[in-house]
Amino acid sequence: MSSAKVQLVINGRRQTVEAEATETLVDTIRDRLHLTGTHIGCQSARCGACLVEMDGQSVKACTVLTHQADGADIRTIEGLAPGPDLDAIQTAFRTHHALQCGFCTPGMVMAAREILRAHKQPTEAQIREGLKGNLCRCTGYQNIIRAIQAVAEDAAPIAKTGPSGSGIGAAHPRTEDARFLKGEGRYCGDINLPAQVHAAFARSNVPHARIVELDIRAAQNLPGVVAVLTGEDVAADGLGELRCGWQVYSRDGAPMAGGARAILAKDKVRFVGDAYAVVLAERPEIAKRAAALIQVQFEPLAHNVRTAAAGEADPIFQDAQENVCFDWLFGDEQGADRALETAAHVTTVSLTNNRVIPNALEPRAAIADFNQFAETATLYTTSQNPHMARKVIAETLGVISEHNLRVISPDLGGGFGSKIFIYPEECACLWASKRLGRPVKWVGTREEAFLADAHGRDHVSRVQLALDEDHRFVALKVETTANLGAYLSSFAAFVPTYLYGTMLAGPYKTPTISCAVKGVFTNTAPVDAYRGAGRPEATYLIETVIDTAARECGLDPVELRRLNLIQPTDFPYQTPVALEYDVGDYQAHLDRALSVADYSGFETRRAEAQARGKRRGIGVSLYVEACGIAPSAVAGALGADVGLWESALLRFTPTGMLQVFTGSHSHGQGHETTFAQLVADRFALPLDQIRVLHGDTDQTPVGMGTYGSRSLAVGGSAILKAADKIISKGKQIAAHLLDTVPEAIDFSDGVFLDAARNAHVPLREVVHAAYVPHDYPEDLEPGLEASAFYDPVNFTYPSGTHVCELELDPHTGEIEIISFVAVDDFGQIVNPLIVEGQVQGGIAQGIGQALIEHGRYDAETGQPMTTSYRAYAMPRASDLINVQTETVFTACENNPVGAKGCGESGTIGAPPAVMNAVSNALGQRIEMPATAEKIFEACARFRAKGGHD
Amino acid sequence: MTEPRFHAPQTLEAIQTLYDGLANTLLVAGGQWSMPLLRAGDLCPDQVISLSQVSALKGISSHQGRVRIGAGESHRSIAASDEVQKMLPVFAHIAGQIGDAATRNRGTLGGAICSDPGRSDYAGALIGLNATLITSERILPAASFYETADTAKLAPGEILIAAEFECGGDSTFRKIANPAANYAGAAVFVTRRSDETPRIVAQGEALWPQHLNLLEDAIGTHSAINDAAIQKAVPTAKPLLASRLAALLKEALAEIS
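These protein sequence lines are chains P and X, in that order.
Residue numbers for the first sequence follow numbering that gives the first Met the number 0, beginning at 0 and rising by one.
Residue numbers for the second sequence follow numbering that gives the first Met the number 0, beginning at 0 and rising by one.
Simulated from the structure, these hints should not be mistaken for lab results.
Using N, Cα and C, we set each Cβ at its ideal position, and we do this for glycine too.
Incorrect hints may appear among the rest.
[To be verified] Output of the computed footprint for chain P on chain X, the stretches with three or more beta carbons under 8 Å from beta carbons of chain P:
#1 2–16
#2 231–245
[Stated by the list, open to error] Computed footprint of chain X on chain P, listed as stretches where at least three residues anywhere in the stretch have a Cβ under 8 Å from a Cβ of chain X:
#3 87–98
#4 177–190
#5 286–297
#6 865–878
[Said to hold, decoys possible] As a list, the in silico DMTMM-like pairs of lysine to aspartate or glutamate whose alpha-carbon atoms are at most 20 Å apart:
#7 P:Lys-4 / X:Glu-2
#8 P:Lys-508 / P:Asp-584
#9 P:Lys-265 / P:Glu-240
#10 X:Lys-57 / X:Asp-41
#11 P:Lys-287 / X:Glu-2
#12 P:Lys-508 / P:Asp-555
#13 X:Lys-57 / P:Asp-54
#14 X:Lys-237 / P:Asp-69
#15 P:Lys-4 / X:Glu-146
#16 X:Lys-237 / P:Glu-813
#17 P:Lys-287 / X:Asp-45
#18 X:Lys-152 / X:Glu-163
#19 P:Lys-720 / P:Asp-738
#20 X:Lys-231 / P:Asp-69
#21 X:Lys-237 / P:Glu-932
#22 X:Lys-57 / P:Asp-69
#23 P:Lys-613 / X:Asp-226
#24 X:Lys-249 / P:Asp-54
#25 P:Lys-933 / X:Glu-204
Next up, chain P with everything else stripped away, as it sits in the complex:
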């Protein structure tokens, strides 16, 4: 190795490190200095996660050669404040909930420091400009901007939303924030094990081909390579295939066709990015170099990447005729057809829901450690549901049984659905570790994330809405082709069927609905759940066809909606698509949102914009989503392989501290705070005496993970159930201590009370008695802990109204969002600060899908065109505005918490609100994303027809 010494001053300490000629500072900081607070989120110097200071200026550490930094003064996130302290910026980030998953946070803090060095009192525009080199996928940037403003204003660090305190409803800053702000978050890629080898995957660069010959000799012979494994090895070892966990049947009763995935492709590759070999080497760069040396001879097959042209490819799976996986029918198609024939008016819209790429800022990673003697293994992996990963990997691979496999999902840099699924890479690491007897580590690159993470959406649909002469909806008929990609991912069949067709009633009284969905294979990355999963697609469809109908009928789109809304007195409301909505007041959030957005004053603003040569539009969308996934009996009836309960274990330690173990996983949602708040009230404990633990299958109870806005409604309910059990046992102990019967005891404010006798004993003494049972009831076990499972009785049904106002420049195609208002009903809110952050971040993603995000493939070559942040546009601080969010309340009695779920509202409500505003401004509909090209062309068409800008 041609390494040489470099002198650096790191966080005030002079250090000498070895570095190779082509080594960049970020690798030196992370791998040699073990300062893992500096993160790697991309390969194109476009994410800012690796921002550090070099001689007092922020630099992207991935763009600086370590040798160029010789003699420099480097400051990383770890060096900002001593010990456990937070500096002013870190404190403000915590106070204003300016971080969620924490992965971008160190870079954001560094960017904030640069902004505040440049401007003593920065304007919002200056802050947005100053943050534009840093991507955050969680927050929508709004609270980051607030935090920086607060530092500049030297504002007192007060929580900005809701009451203080630490119980239910309190806007308590997150307890988990400090570790992220200090750079002490521990992500999968930060973990190293002794004697580990590094994995790199050889991936197909063609969309569809037979593998004729694979020559791995050059790769094997590269010094430092330990092994090269291929699909042949997978088959020889008898490893099972990854399959979708949901069964969907076609209208003729046939089961789904095709879709199973070997963890390394053997006979053929099905999309660009499909892995056919894995190299294990002593160092990651050697593994990558060796992977590039694998010679593969492909025999091309006809490929197709277009959703609407699945039949054009050679069979991707032999048993899937015309590359159709299923042809699913739901609802009353004949009834819908009859209503369409006789309706006074029928509006027909053909639309696409664009493919988006989730882009959690932390790329996927895994490190597997198989103990060949004990036949046990630990797999660290980037998973939203480690228990599910354990089950599926154990069942599928057959290399280890479930009870011997420990899956740990540590801090996770965002998920948004993409980290729910079981992917080949982590399976390959585990299998390779068993074969080699050494730990195997893989950290995906951003390019690999673009190529091989599950993508989202990608529908082509035709929707017909029938209205009677009074403009009441009489029927909705939907025909959709859903792109499933080249394999069936874990939830892939469920998302465009039961998470979609069941949502087509929306908040409206449409008596007859039918939904036909053809799930098709294409030579693209697999498509699965992305934040919202099925519900955004349904809502976009409904809200688009309603706006179109209003235009066709000459009605105000809001009035058309109002006319057809489910009324508060209609609940419980049985939709024609299987769901029973428990409660809601859709008029309430509609009225409030219109008022906040000053809907009635819009025409004045439109006229004023027109005078400036701009076209202004306003768009409204309403949504209902089904969250709290899911009642197991319903899930089973819909084809699930699993139950969708959640479990919890609560344990008082002998000194009276409370540990809350949950099967949910937190990756930005703030469970460590929210779940603690749930029980803080119940036990009258301060938050610092409660610890929430998750993400380790050997430590926490079995669980079903985090997705579908289920954690609080289902996981939180399991926690409350376990709390009830603890209180019940505590009453028995207290009754003994107070010499009475348990029925005489009440528990409140941390005290067990026999009101009749005015005798009481505090919780702490009951805990002590439980663990020091010197004087203890004979028939009671010592200890004070309880576990509980909660299986929801129904879904929950959050709803909301989103209103977007924007301006288009007809000559440049540019869009400026002027305002965005969201008024949502999430039921009981435990921490309004966290809920507001979830809504802001979801809206940013929804705006991204509507305006700029699009995972594209070239139809002719089948090549992906968006494989870096230089090609795939994601919203940056400079692209967005501050959104206005409010909530209304109706009581959800479907779960003990009363929570409905909030995490997906933004990606559901925002795209149709934005696109309806675009249509309103243009006077015609265009497809998402509303790029400058499309807007410009629409304006040109308008002018060609004699219109004036």
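We have chain P already, so just place chain X on it with the hints.
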């Protein structure tokens, strides 16, 4: 396979000596263009030569109405330079809006011109202001360098040392950025001395930076400068790009005239 070596010479001569030894050399200034390629494995140099220590590439100076900017100066230092702000404010403005703050802290004038000349935000000003490029081998007008994508290349081992500008006149730069990569989706640079016809340079996605001669001529002959005249002068068949350039030009001409 030999491992690459790193060098940080202080003189141009030392670079030449190193360069002559090995053809597969990566020259690195601010690293904004090359480091992503290096990290992705797209570049596998035999040696890496850092230009950061070469004093000949540093410095911003002015003399007799001309400003000289060393190729090794960062966008940030150009934007912050009193001399540039005073003598060539448009260039300070351009430097100050390139990329993002961290990119400006590291990225250099030379790196921007040499690594991706057609997409550099500096291109319009270099051409429009008739800048002179000084390299280790030659002195050439920026307009010659920018004649085509083929001419906008330095020879192996040739180092850009500085750009020199004649100051004076009013200039403006306007840009609509690509939403993903932030380079100029469309940009115009317009400059005018009191008694002269404006010089106008346009660039954009799939449009090599170039003078809009037709428009300059039309303005020179006092022809009516309306939308049609602008559209006609814009050398692209892409309607959106043409419209964007026209919109930017209208604003720019209004500001300059």
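These are the hints, each one checked on the structure:
Here the stretch 2–16 of chain X counts 5 residues with a CB under 8 Å from a CB of chain P, which clears the bar of 3, and the coverage holds. Counting residues of the stretch 231–245 of chain X whose beta carbon lies closer than 8 Å to any beta carbon of chain P gives 5, which meets the minimum of three for the stated coverage. Coverage of the stretch 87–98 of chain P by chain X is violated in this model, with 0 residues showing a Cβ closer than 8 Å to a Cβ of that chain against a need of three. Coverage of a stretch by a chain is defined here by at least three residues with a beta carbon nearer than 8 Å to that chain's beta carbons; for the stretch 177–190 of chain P and chain X the count is 0, and the condition is violated.
Under a criterion of three residues with beta carbons nearer than 8 Å to beta carbons of chain X, the stated coverage of the stretch 286–297 of chain P is upheld, 3 such residues being counted. Evaluation of the coverage hint for the stretch 865–878 of chain P: fulfilled, as 7 residues show C-beta separations to chain X shorter than 8 Å, against a requirement of three. For the hint linking Lys-4 (chain P) to Glu-2 (chain X), the alpha-carbon distance of about 15 Å falls within 20 Å, and the restraint holds. Between Lys-508 (chain P) and Asp-584 (chain P), the direct Cα distance comes to roughly 14 Å. Compliance with the 20 Å bound is thereby established for this hinted pair.
Proposed proximity of Lys-265 (chain P) and Glu-240 (chain P) is supported: the alpha carbons are some 12 Å apart, at most 20 Å. Distance hint between Lys-57 (chain X) and Asp-41 (chain X) is unfulfilled; the C-alpha atoms sit about 29 Å from each other, more than 20 Å. Annotation: proposed proximity of Lys-287 (chain P) to Glu-2 (chain X) holds, straight-line Cα distance about 16 Å (limit 20 Å). Among the hinted pairs, Lys-508 (chain P) with Asp-555 (chain P) is consistent with the structure: their alpha-carbon atoms are about 18 Å apart, no more than 20 Å.
For the suggested pair Lys-57 (chain X) and Asp-54 (chain P), the alpha carbons sit about 17 Å apart, so the restraint of at most 20 Å is met. A hinted pair counts as satisfied when its Cα atoms are at most 20 Å apart, and Lys-237 (chain X) with Asp-69 (chain P) does not qualify at roughly 47 Å. For the hint linking Lys-4 (chain P) to Glu-146 (chain X), the alpha-carbon distance of about 44 Å lies beyond 20 Å, and the restraint is violated. Simply put, Lys-237 (chain X) and Glu-813 (chain P) have alpha-carbon atoms about 16 Å apart, close enough for the 20 Å limit, and the pair holds.
Between Lys-287 (chain P) and Asp-45 (chain X) the CA atoms are separated by roughly 18 Å; this keeps the pair inside 20 Å, and the hint holds. Taking the CA atoms of Lys-152 (chain X) and Glu-163 (chain X), the gap is near 18 Å; set against the 20 Å cutoff, the hint holds. Note on Lys-720 (chain P) and Asp-738 (chain P): the hinted pairing is violated, with a Cα-Cα distance of about 27 Å set against a maximum of 20 Å. About 53 Å separates the Cα atoms of Lys-231 (chain X) and Asp-69 (chain P), which puts this hinted pair outside 20 Å; it is violated.
Using a Cα cut-off of 20 Å, the hinted pair Lys-237 (chain X) and Glu-932 (chain P) holds, with the two alpha carbons roughly 10 Å apart. Among the hinted pairs, Lys-57 (chain X) with Asp-69 (chain P) is consistent with the structure: their alpha-carbon atoms are about 18 Å apart, no more than 20 Å. Straight-line distance between C-alpha atoms of Lys-613 (chain P) and Asp-226 (chain X) comes to about 17 Å, which keeps the hinted pair within the 20 Å bound. Proximity of Lys-249 (chain X) to Asp-54 (chain P) is assessed by CA-CA distance (about 42 Å); at most 20 Å being required, the pair is judged violated.
For the hint linking Lys-933 (chain P) to Glu-204 (chain X), the alpha-carbon distance of about 16 Å falls within 20 Å, and the restraint holds.
Checked against the numbered hints above, the structure violates hints 3, 4, 10, 14, 15, 19, 20 and 24; every other hint is satisfied.
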